[in-house]
Amino acid sequence: MMKLKVGNAKCRVVFRKHLGGSVLKGTVFNRWESVSTFLTVDSDEPADRLAHLIRNAKAGCFAEGLITQQVPLHSHVEVNGKPFDMG
8 MMKLKVGNAK
18 CRVVFRKHLG
28 GSVLKGTVFN
38 RWESVSTFLT
48 VDSDEPADRL
58 AHLIRNAKAG
68 CFAEGLITQQ
78 VPLHSHVEVN
88 GKPFDMG
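When you line the sequence shown up against our numbering, it's residues 8 to 94, in that order.
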């Protein structure tokens, strides 16, 4: 563990996406435009130590990893308790 004194840490995440198309026509789509993170930290620690801490936090962040890495999606659908083939 890094022993740094950090207070009042906040993170805000903004997702920008577009949802469009028609439910009735079967043309529904979504398109991600961006994801922005805003980190605010209060600390008197040296800048190089804070940079090291923040790099570690970003590298271990599940949300950032999911967005920045291509991840396989495995989708399973059941209807009435049985596997359903969308055909």
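It should be emphasised that the hints constitute simulated quantities derived from the structure, not laboratory data.
Check each hint, because a few of them may be wrong.
Straight line, CA to CA, 27 Å or less: simulated BS3-like cross-link-like pairs of lysine-lysine [to be verified]:
1) 24 - 65
2) 65 - 10
3) 12 - 65
Just so you know, these numbers come straight off a predicted model, no measurement behind them.
Hints and how they fare:
With a C-alpha separation of about 22 Å, the suggested pair residue 24 and residue 65 falls inside the 27 Å cut-off, and the hint holds. The suggested pairing of residue 65 with residue 10 holds, with an alpha-carbon distance near 17 Å, which does not exceed 27 Å. Annotation: proposed proximity of residue 12 to residue 65 holds, straight-line Cα distance about 18 Å (limit 27 Å).
Hint compliance for this structure: every hint is met.
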